[in-house]
Amino acid sequence: MSVSELARHVADVALIDQHVHGCWLAAGDRARFENGLNEANTEPLADFDSGFDSQLGFAVRAHCAPLLGLPKHAGADEYWDRRCQFSELGLARVFLRAAGVTDWLVDTGYAEGVADVAQLADLSGARAHEVVRLEQLAEQAAQAPGDYASAFEEILRWRAPSAVGTKSILAYRGGFEGDLSEPSAAEVSEAAARWRAGGGTRLRDRVLLRFGLHQALRLGKPLQFHVGFGDRDCDLHRANPLYLLDFLRQSGDTPIVLLHCYPYEREAGYLAQAFNNVYLDGGLSINYLGARAPAFIARLLELAPFRKIVYSSDGFGPAELHFLGAALWRKGIGQVLGEFVADDDWSEHDAIRVVDLIAHANAARLYGV
Amino acid sequence: MSVSELARHVADVALIDQHVHGCWLAAGDRARFENGLNEANTEPLADFDSGFDSQLGFAVRAHCAPLLGLPKHAGADEYWDRRCQFSELGLARVFLRAAGVTDWLVDTGYAEGVADVAQLADLSGARAHEVVRLEQLAEQAAQAPGDYASAFEEILRWRAPSAVGTKSILAYRGGFEGDLSEPSAAEVSEAAARWRAGGGTRLRDRVLLRFGLHQALRLGKPLQFHVGFGDRDCDLHRANPLYLLDFLRQSGDTPIVLLHCYPYEREAGYLAQAFNNVYLDGGLSINYLGARAPAFIARLLELAPFRKIVYSSDGFGPAELHFLGAALWRKGIGQVLGEFVADDDWSEHDAIRVVDLIAHANAARLYGV
Amino acid sequence: MSVSELARHVADVALIDQHVHGCWLAAGDRARFENGLNEANTEPLADFDSGFDSQLGFAVRAHCAPLLGLPKHAGADEYWDRRCQFSELGLARVFLRAAGVTDWLVDTGYAEGVADVAQLADLSGARAHEVVRLEQLAEQAAQAPGDYASAFEEILRWRAPSAVGTKSILAYRGGFEGDLSEPSAAEVSEAAARWRAGGGTRLRDRVLLRFGLHQALRLGKPLQFHVGFGDRDCDLHRANPLYLLDFLRQSGDTPIVLLHCYPYEREAGYLAQAFNNVYLDGGLSINYLGARAPAFIARLLELAPFRKIVYSSDGFGPAELHFLGAALWRKGIGQVLGEFVADDDWSEHDAIRVVDLIAHANAARLYGV
Numbered sequence: 001m002s003v004s005e006l007a008r009h010v011a012d013v014a015l016i017d018q019h020v021h022g023c024w025l026a027a028g029d030r031a032r033f034e035n036g037l038n039e040a041n042t043e044p045l046a047d048f049d050s051g052f053d054s055q056l057g058f059a060v061r062a063h064c065a066p067l068l069g070l071p072k073h074a075g076a077d078e079y080w081d082r083r084c085q086f087s088e089l090g091l092a093r094v095f096l097r098a099a100g101v102t103d104w105l106v107d108t109g110y111a112e113g114v115a116d117v118a119q120l121a122d123l124s125g126a127r128a129h130e131v132v133r134l135e136q137l138a139e140q141a142a143q144a145p146g147d148y149a150s151a152f153e154e155i156l157r158w159r160a161p162s163a164v165g166t167k168s169i170l171a172y173r174g175g176f177e178g179d180l181s182e183p184s185a186a187e188v189s190e191a192a193a194r195w196r197a198g199g200g201t202r203l204r205d206r207v208l209l210r211f212g213l214h215q216a217l218r219l220g221k222p223l224q225f226h227v228g229f230g231d232r233d234c235d236l237h238r239a240n241p242l243y244l245l246d247f248l249r250q251s252g253d254t255p256i257v258l259l260h261c262y263p264y265e266r267e268a269g270y271l272a273q274a275f276n277n278v279y280l281d282g283g284l285s286i287n288y289l290g291a292r293a294p295a296f297i298a299r300l301l302e303l304a305p306f307r308k309i310v311y312s313s314d315g316f317g318p319a320e321l322h323f324l325g326a327a328l329w330r331k332g333i334g335q336v337l338g339e340f341v342a343d344d345d346w347s348e349h350d351a352i353r354v355v356d357l358i359a360h361a362n363a364a365r366l367y368g369v
Numbered sequence: 001m002s003v004s005e006l007a008r009h010v011a012d013v014a015l016i017d018q019h020v021h022g023c024w025l026a027a028g029d030r031a032r033f034e035n036g037l038n039e040a041n042t043e044p045l046a047d048f049d050s051g052f053d054s055q056l057g058f059a060v061r062a063h064c065a066p067l068l069g070l071p072k073h074a075g076a077d078e079y080w081d082r083r084c085q086f087s088e089l090g091l092a093r094v095f096l097r098a099a100g101v102t103d104w105l106v107d108t109g110y111a112e113g114v115a116d117v118a119q120l121a122d123l124s125g126a127r128a129h130e131v132v133r134l135e136q137l138a139e140q141a142a143q144a145p146g147d148y149a150s151a152f153e154e155i156l157r158w159r160a161p162s163a164v165g166t167k168s169i170l171a172y173r174g175g176f177e178g179d180l181s182e183p184s185a186a187e188v189s190e191a192a193a194r195w196r197a198g199g200g201t202r203l204r205d206r207v208l209l210r211f212g213l214h215q216a217l218r219l220g221k222p223l224q225f226h227v228g229f230g231d232r233d234c235d236l237h238r239a240n241p242l243y244l245l246d247f248l249r250q251s252g253d254t255p256i257v258l259l260h261c262y263p264y265e266r267e268a269g270y271l272a273q274a275f276n277n278v279y280l281d282g283g284l285s286i287n288y289l290g291a292r293a294p295a296f297i298a299r300l301l302e303l304a305p306f307r308k309i310v311y312s313s314d315g316f317g318p319a320e321l322h323f324l325g326a327a328l329w330r331k332g333i334g335q336v337l338g339e340f341v342a343d344d345d346w347s348e349h350d351a352i353r354v355v356d357l358i359a360h361a362n363a364a365r366l367y368g369v
Numbered sequence: 001m002s003v004s005e006l007a008r009h010v011a012d013v014a015l016i017d018q019h020v021h022g023c024w025l026a027a028g029d030r031a032r033f034e035n036g037l038n039e040a041n042t043e044p045l046a047d048f049d050s051g052f053d054s055q056l057g058f059a060v061r062a063h064c065a066p067l068l069g070l071p072k073h074a075g076a077d078e079y080w081d082r083r084c085q086f087s088e089l090g091l092a093r094v095f096l097r098a099a100g101v102t103d104w105l106v107d108t109g110y111a112e113g114v115a116d117v118a119q120l121a122d123l124s125g126a127r128a129h130e131v132v133r134l135e136q137l138a139e140q141a142a143q144a145p146g147d148y149a150s151a152f153e154e155i156l157r158w159r160a161p162s163a164v165g166t167k168s169i170l171a172y173r174g175g176f177e178g179d180l181s182e183p184s185a186a187e188v189s190e191a192a193a194r195w196r197a198g199g200g201t202r203l204r205d206r207v208l209l210r211f212g213l214h215q216a217l218r219l220g221k222p223l224q225f226h227v228g229f230g231d232r233d234c235d236l237h238r239a240n241p242l243y244l245l246d247f248l249r250q251s252g253d254t255p256i257v258l259l260h261c262y263p264y265e266r267e268a269g270y271l272a273q274a275f276n277n278v279y280l281d282g283g284l285s286i287n288y289l290g291a292r293a294p295a296f297i298a299r300l301l302e303l304a305p306f307r308k309i310v311y312s313s314d315g316f317g318p319a320e321l322h323f324l325g326a327a328l329w330r331k332g333i334g335q336v337l338g339e340f341v342a343d344d345d346w347s348e349h350d351a352i353r354v355v356d357l358i359a360h361a362n363a364a365r366l367y368g369v
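Chains A, B and C are the protein sequences, given in the same order. Position 57 of the first sequence, counted from 1, bears residue number 57 in this note's numbering, the numbering being contiguous throughout. Position 138 of the second sequence, counted from 1, bears residue number 138 in this note's numbering, the numbering being contiguous throughout. Position 160 of the third sequence, counted from 1, bears residue number 160 in this note's numbering, the numbering being contiguous throughout.
The hints are simulated quantities; they were obtained by calculation from the structure and are not laboratory data. Owing to the predicted nature of the structure, the values given are computational and were not obtained by experimental measurement. You may find that some hints are simply not true.
Note that identical chains are pooled: a pair holds if it fits in a single copy or bridges any two copies.
Stated by the list, open to error - Keeping only pairs whose Cα atoms sit at most 20 angstroms apart, straight-line, the calculated EDC-like set for lysine to aspartate or glutamate is:
#1 LYS72 <-> ASP233
#2 LYS72 <-> ASP344
#3 LYS72 <-> ASP205
#4 LYS72 <-> GLU43
#5 LYS221 <-> GLU34
#6 LYS221 <-> GLU130
#7 LYS221 <-> ASP253
#8 LYS72 <-> GLU348
#9 LYS72 <-> ASP343
#10 LYS72 <-> GLU34
#11 LYS72 <-> ASP53
#12 LYS221 <-> ASP47
#13 LYS72 <-> GLU339
#14 LYS72 <-> ASP116
#15 LYS221 <-> ASP49
#16 LYS72 <-> ASP49
#17 LYS221 <-> GLU153
#18 LYS221 <-> ASP233
#19 LYS221 <-> ASP81
#20 LYS221 <-> GLU182
#21 LYS221 <-> GLU339
Can you make the complete structure from the sequences, with help from the hints?
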């Protein structure tokens with residue numbers, strides 16, 4: 001009966017979802033929902049395709065359907081029809097509360113049509129904290145009067161006290177390859193003038209991106225990086241975290257958290273072993289891998305020290321994702337660690353301790369929540 | 001008994017082998033056969049080595065031996081001796097017919113000593129269709145009189161009506177890294193003159209390779225790319241499909257099929273999710289992985305939408321490969337989906353539906369066969 | 001009972017550990033030990049971390065504890081206290097003798113505070129042979145009087161007769177990317193003068209690194225390369241063995257052995273198929289993966305021909321690692337091949353034969369030991 005103690009623990013363990021976005025607040029059509037089940041494509045899905053015919057789609061039907069009173073594996077049409085009988089806020093309440101999350105760390109960098117920090121707390125009945133996106137802050141500084149660097153620093157100073165960390169989407173703005181050292185004040189000033197002259201929107205200037213990262217290092221709160229799998233605006237091969245090596249060598253004590261990481265989770269695990277200040281999670285990859293999530297979760301448990309792995313769902317849009325990330329993580333970690341225990345490679349006591357570390361203890365230490 | 005319904009279905013499902021070459025027509029010696037079990041090495045195998053001592057060699061002995069009246073796992077010598085009692089055409093009839101393939105899509109770009117499209121149809125008792133190799137077509141255009149671009153277009157126009165698609169081996173001609181935009185007419189004309197002056201054989205000129213790809217896009221029929229694992233003439237790290245990102249962003253609606261993909265199958269799956277027109281298969285990787293094929297097939301089922309995955313064997317030479325690709329795929333997909341069903345992550349009904357999509361339905365829609 | 005014959009064979013099979021370093025000779029504190037369980041980090045572990053909370057730490061407690069008279073999974077404190085009751089030499093005798101190794105091939109390039117070749121033989125009661133590190137030899141030549149190239153050649157000629165092979169840590173000295181052709185005598189002479197003028201320590205000059213590699217090729221004894229996973233001084237993405245392709249194409253008959261390989265073990269397997277003279281092992285990756293080692297060992301068994309795979313522990317420092325590499329390899333290969341046999345993909349007879357090839361037969365042929 002030893003394995004079932006682990007299983008029971010995994011089923012109930014409290015989670016800190018250390019990187020998440022808001023869920024939708026208003027109803028939308030089926031196309032919105034199906035496109036919401038595809039992360040990579042920036043165009044509407046083709047007519048011949050369906051967002052339901054994917055690992056994520058199957059996982060929604062398997063794990064979310066019962067929360068709406070449907071049988072497991074309910075058909076796509078049946079799921080959609082049933083979903084339409086709820087308001088979006090009603091769905092949010094159902095799914096957020098079922099996730100077993102005590103704290104949501106919310107990236108507010110892109111939040112059109114989705115819940116903000118307070119709304120997420122309210123809908124879920126849990127705590128919610130902000131993670132400030134550096135590129136959004138830069139875009140605000142571009143619109144502010146006066147010196148760019150001062151404006152950036154002032155906005156950061158103003159937003160930092162209530163934030164638990166910062167986030168960079170450098171992966172989407174040219175990727176990690178190339179120099180990431182701190183630019184000089186003159187370089188920043190010149191780059192900012194050029195960018196502002198061009199409108200100051202959608203930051204892609206490397207000098208200013210580097211400036212933002214080093215401001216975040218100086219702040220000292222955990223700095224999250226989108227790594228790997230995302231939408232196709234990202235050149236995936238330039239989002240390999242190994243290109244961050246030189247940056248990490250200069251990053252001092254500020255914690256750096258590598259998010260999602262697929263298909264570079266083994267490289268990310270190496271970095272978590274190589275640097276005292278590097279952490280990783282599986283983020284949205286777990287949702288998108290569905291039935292294949294256990295194999296991925298197992299790879300997250302290779303070179304990374306166990307005190308350096310954290311949990312997140314990266315849910316955005318359909319509230320299903322906020323719940324499903326937790327459900328798939330619970331199922332996956334239970335299966336993977338259960339096999340370690342069954343093979344007598346790990347004791348069950350250790351397995352339960354590692355579950356606690358990843359579920360909440362590491363994130364609690366890291367973010368002070 | 002639920003899982004066995006899936007197993008029964010997998011065993012009998014009709015396949016479209018969407019990328020294959022001819023099988024040998026005439027007998028050869030044992031060295032030819034053993035080298036035929038090694039894809040990557042372009043030299044004769046070393047004296048101390050044997051093509052039988054590999055995953056593929058073991059799989060031949062496990063799965064092909066019984067079709068020649070031998071026990072499973074018959075020894076290498078025994079297998080070779082028995083094989084010699086058949087004519088090459090006799091072997092082709094045995095193995096091709098046992099594959100359960102209704103349609104072979106035949107890349108005729110390299111066909112020395114192997115069956116052509118009509119012979120493959122005849123030997124297998126199934127339909128066969130041509131896939132035109134762009135680099136071969138370019139080499140024909142180089143030898144034709146007059147303007148190169150016009151010659152290329154004319155040959156393509158002449159061969160396209162009977163072809164179901166095109167194929168590029170850009171992976172072997174410098175790889176995917178670098179600019180793949182459409183060259184100007186002047187650039188094409190200049191590059192063609194230079195190439196023709198040098199003999200016009202074995203196209204490696206980037207301008208003309210790019211020209212060919214964009215002609216294929218314009219044709220609109222599915223365009224297959226050799227991706228990843230092949231022989232050592234290919235710089236494997238330059239055959240990472242992520243280097244195709246910019247090309248795919250420009251590729252419009254023409255279907256692009258990524259072949260083989262090992263060890264980049266996860267990157268290929270990402271591209272299949274990111275672009276409505278991108279597909280992938282496991283191709284020759286499945287044969288070469290033998291007992292390890294299920295783990296690979298499982299990774300093909302990660303980010304790729306299920307309507308974007310197709311089947312092929314990439315068989316070339318020994319007719320064993322045309323059969324074995326199918327046998328290993330059946331065994332692997334049955335095992336992988338069987339575990340999803342056993343874990344209650346997928347319903348058996350869904351598993352059977354996905355088998356049909358990959359086995360034939362996706363390819364039928366894609367190629368109109 | 002068929003599988004248990006394989007299991008029995010794996011438990012007892014004699015090993016050649018084809019790449020290893022010395023074990024510690026004198027006692028140290030707990031910080032030394034815990035840092036000795038982290039390969040990648042070049043700084044002391046953070047206060048909040050513990051080397052025990054990792055796959056390797058768990059594997060030490062699972063597999064090494066019983067050899068010290070503790071129960072499996074003994075706690076970290078308990079393990080450390082018990083370990084302190086032994087002398088370092090006593091620990092070495094326990095663990096080295098329990099590894100079941102007949103021959104240690106010892107890289108003597110970095111040997112501060114650890115056993116030398118003779119001591120390793122003595123402590124283990126087995127044979128030990130030297131592997132000469134090229135960069136160390138270069139650093140000796142830099143300090144020698146007269147022409148650098150002649151000095152290098154003379155030292156190599158002097159050390160080669162008693163050595164079974166050479167080793168390069170090019171991965172740590174700029175990585176594999178870029179030109180690796182043989183430099184001219186003039187280039188070598190000029191580079192050596194420059195390097196000597198700068199002190200002649202810690203070779204990073206590409207010309208001289210290339211010179212050393214080609215001297216090793218000329219010698220003809222197996223040349224080992226550190227590949228992939230190591231400490232963070234290595235740019236891991238530049239230690240991808242695919243960047244060795246051009247070098248391998250010029251390497252003639254000299255055997256090249258790719259060590260460790262994580263996370264590039266699939267690429268390394270491809271190279272072992274592509275070149276008659278290329279071999280690979282899993283080296284230190286197996287220790288660091290602990291309970292995840294079977295998945296890695298399975299990937300080593302993909303494209304690589306079975307006569308091209310060898311065993312090593314890469315043990316350095318704690319004598320636990322010299323034993324644990326063997327214990328985890330035995331457990332992992334037994335499990336992986338046991339599943340191939342259980343699935344009837346391999347015969348048990350073949351599985352036992354492949355165990356013998358990897359455990360010792362390939363290395364015996366390769367190194368003549």
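*Within, between, both or neither: LYS72, ASP116 at alpha-carbon 20 angstroms*: neither (31 angstroms within a copy, 49 angstroms between copies)
*Is it within a copy, between copies, both, or neither that the alpha carbon of LYS72 lies no farther than 20 angstroms from that of ASP53?*
Within one copy only: 16 angstroms inside a chain, 37 angstroms across chains, cut-off 20 angstroms.
*Checking LYS72 and GLU43: alpha-carbon separation at most 20 angstroms within a copy, between copies, both or neither?*
neither (30 angstroms within a copy, 50 angstroms between copies)
*Is it within, between, both, or neither for LYS221 and ASP81, if the alpha carbons may be no more than 20 angstroms apart?*
Classified as neither: same-chain Cα gap 44 angstroms, cross-chain 37 angstroms, threshold 20 angstroms.
*Given identical chains, is LYS72 near ASP205, meaning Cα to Cα at most 20 angstroms, within a copy, between copies, both, or neither?*
neither (48 angstroms within a copy, 55 angstroms between copies)
*Is it within, between, both, or neither for LYS221 and GLU130, if the alpha carbons may be no more than 20 angstroms apart?*
Only inside one copy: LYS221 and GLU130 sit 12 angstroms apart there, 49 angstroms across copies, limit 20 angstroms.
_Within, between, both or neither: LYS221, GLU153 at alpha-carbon 20 angstroms_ = within (14 angstroms within a copy, 54 angstroms between copies)
_At most 20 angstroms between alpha carbons: which applies to LYS221 and ASP47, within, between, both or neither?_
between (45 angstroms within a copy, 18 angstroms between copies)
*Are the CA atoms of LYS221 and GLU339 at most 20 angstroms apart within a copy, between copies, both, or neither?*
neither (36 angstroms within a copy, 43 angstroms between copies)
*asked:* If the cut is 20 angstroms between Cα atoms, do LYS221 and ASP233 qualify within a copy, between copies, both or neither?
replied: Neither. Shortest intra-copy (28 angstroms) and inter-copy (26 angstroms) distances fail the 20 angstroms Cα cut-off.
*Pop the pair LYS72 and ASP233 into one bin, within, between, both or neither, using alpha-carbon distances up to 20 angstroms.*
neither (35 angstroms within a copy, 50 angstroms between copies)
*At 20 angstroms max between alpha carbons, let me know whether LYS72 reaches GLU339 within a copy, between copies, both or neither.*
For LYS72 and GLU339, the Cα distance is within 20 angstroms only across copies (17 angstroms; inside one copy 25 angstroms).
Checked against the numbered hints given earlier, this structure breaks hints 1, 3, 4, 5, 14, 16, 18, 19, 21; the rest are met.
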